[in-house]
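Listed below are the residues making up each chain.
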Amino acid sequence: MSEEVTRRDLFATVARGTVLAVLGGGAGFLVKKANGQVVWQVNASRCINSRLGDLGVEACNLCTTECVVALSAVRAVNEYSKCGRCNICPAYFNITSAVNELGQPSEKLCPRDAIERRPIGKVDPEDPANNFYEYIIDEEKCDGCGKCVMKCKEPLGLGSITLRVRYDRCVNCNRCSISKACPQDALMQLLVSQALQPAGIERPG
Amino acid sequence: MQYRHVQVIDGKGALRGIAVDAQARGELYAAGDSEIKVFDAAGKLARRWPTARPAQSVAVAGDGAVYAGELGQIEIFDGAGKLRDTWRDDELLRRVTAIGFTGDSVLAGDSADRAIRRFDRGGRFLNNIGKDNPLGGLLIPNGVVDFGVDAEGIVFAANPGKHRVERYAPGGELLGHIGRFHGIDPAGFTGCCNPTNVAIRDAIYTAEKAGPRAKAYDFSGKLLAVIATDLFDANCKNMSIAVDARGRVYVVDTVKQSVFVFERVNA
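Chains A and B are the protein sequences, given in the same order. For what it's worth, the numbering used here labels the leading residue of the first sequence as 1, then goes sequentially. For what it's worth, the numbering used here labels the leading residue of the second sequence as 1, then goes sequentially.
Honestly, the hints are just simulated from the structure, not real lab data. Every residue, glycine too, gets a C-beta built ideally from N, C-alpha and C. Each hint should be verified, as a subset may be incorrect.
Simulated crosslink set (DSS-like; lysine-lysine; CA at most 27 Å straight-line) [what the hints assert, rightly or not]:
1) B:237 with A:82
2) A:82 with B:222
3) B:82 with B:44
4) A:180 with A:122
5) A:108 with A:141
6) B:44 with A:122
7) A:141 with A:82
8) A:108 with A:82
9) B:237 with A:108
10) B:44 with B:12
11) B:237 with B:44
12) B:222 with B:237
13) B:256 with B:44
14) A:82 with A:122
15) A:82 with B:44
Listed below are several chain A residues computed to face chain B (Cβ distance under 7 Å; list not exhaustive) [said to hold, decoys possible]:
16) 51
17) 88
18) 89
19) 95
20) 99
21) 124
22) 129
23) 155
24) 156
25) 157
26) 188
27) 189
28) 190
If you want the footprint, here are the derived chain A segments under chain B, 3+ residues with CB under 8 Å [as the list claims (entries may be wrong)]:
29) 81-87
30) 102-113
31) 138-150
Using the sequences plus the hints, can you model the full thing?
Now the structure itself:
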């Protein structure tokens, strides 16, 4: 008899502890969220536009169509330390379009013309292939459609362009509408201290 | 001109550079992980030996010496894998992704500096190739310098950022190029940067990434054949290519870790 009581007490204690831990953790998370310490972010290794191995598929544009923010709080960001500064960038040009007199594709890829291409360093005006180019994404124009991200990833590109939540635009919904729609669960809510990428606002250029 | 796929060689691990033997014994040498692997004509692993550092490239000299390109050095072995010499240079041999021979010189592609280094047979540096241009080197966003050498000692370097194969004299003078960008026409090189790899024999053989394919051009730049496309894993990149004396073309599938072998039809 005394053994049964002890076991019941033990179960009750464990149950109470679990409930308190869950409530405490949840409350702590909410407090941190209220304090701005919790952020949504795109996990590039889950996003189909940037993760390796998914080739020959259309870019996913759910970040554009599902976000409650105008255009989207998710924008394409070019990480310059990874960018190859190529003459013909598949994220900038539609590389299957007709070739023009300069030997380059005649069409751009971005439907919003949000990427600017600038020659850098010593510029050879005669031969575009003799120059390095910088690709700058205009975040005011970008709507996070992911087309450039898909074309930049390995092995076609170097994977320097990824989609990122911009925290000056994101309204930090309790349940992000993109995360609800994303079939890859690529939108994650994390403490700033646990974020996979810096939560600060990075601007190209 | 047409090719047919005749053999798959299991690479027994990672594959980076490949080379055929100079004696036309049908042996294939492969660099990968931290070892050199030698496959016989039937594609069976005949022997293997370790390298001191991860092997990026391999070449076999006329005397049978096997040169392994590594990080910061070249190791020189005899055909059985016994170490003969090591050339160390943290400046000129930072990442040796290709090795070749012209006359009495040894050539090493250093991808860290986007250049080809020319040494004498004793390892003394002579000159750079592909470095003296407004861009300070070959354009290799793919991260690999690769080249081949023809029977006259002319160096054919892949310059993928320019969508060209460039011809250089051993002294470094640019002699000309073949190739152009085109996203649809198979005669062109597509993407940001192709061809990534090149081999020279009776023609110019190239390998491309995204989508992966191997092709042959004559020396004027006319496309002779698309050797293969569909066999390779779509995620392949920097697929080393070699051609033996019989005209068999060997292409590395870096994802499947295999070498696909092709023969010319009605050769």
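*Verify the coverage statement for the stretch 81-87 of chain A against chain B, using a C-beta to C-beta distance below 8 Å and requiring 3 or more qualifying residues.*
holds (count 4)
_Given hint residue 155 of chain A near chain B, where the shortest CB pair must fall under 7 Å_ = For residue 155 of chain A, the interface hint holds, since the closest Cβ of chain B sits about 4 Å away, which is under 7 Å.
*asked:* So if I understand the rule, the pair passes when the alpha-carbon distance is 27 Å or less; does residue 82 of chain A with residue 222 of chain B pass?
replied: Violated - the C-alpha atoms of residue 222 of chain B and residue 82 of chain A are around 34 Å apart, more than 27 Å.
*Satisfaction of the residue 188 of chain A interface hint, Cβ to chain B closer than 7 Å*: violated, 25 Å
*Agreement of residue 82 of chain A and residue 122 of chain A with the hint, judged by alpha carbon distance not exceeding 27 Å*: Roughly 20 Å between the alpha carbons, so the hint for residue 82 of chain A and residue 122 of chain A holds.
*Count residues of the stretch 138-150 of chain A with a Cβ under 8 Å from any Cβ of chain B, then say if the count reaches three.*
Contact hint for the stretch 138-150 of chain A vs chain B: violated, 0 residues under 8 Å.
*Using Cβ atoms only, decide whether residue 95 of chain A comes closer than 7 Å to chain B, and label the hint accordingly.*
At about 4 Å, which falls below the 7 Å cut-off, the nearest Cβ of chain B leaves the hint on residue 95 of chain A intact, so it holds.
*Would the pair residue 180 of chain A and residue 122 of chain A pass a check requiring their Cα atoms to be no farther apart than 27 Å?*
violated, 48 Å
_Holds or violated: residue 44 of chain B to residue 122 of chain A, with C-alpha atoms at most 27 Å apart_ = Distance ~50 Å between residue 44 of chain B and residue 122 of chain A Cα, so the pair is violated.
*Given residue 51 of chain A as an interface hint, is the shortest Cβ-Cβ distance to chain B below 7 Å?*
Status violated, d = 12 Å.
_Next pair to validate is residue 237 of chain B with residue 82 of chain A; report whether the Cα-Cα distance is within 27 Å._
Between residue 237 of chain B and residue 82 of chain A the Cα gap is close to 17 Å, so the pair holds against 27 Å.
*Have a go at the residue 190 of chain A hint: is there a Cβ in chain B nearer than 7 Å to its own Cβ?*
With a closest approach of 29 Å, the residue 190 of chain A hint is violated.
Hint compliance for this structure: hints 2, 4, 6, 15, 16, 26, 27, 28, 31 are broken, all remaining hints hold.
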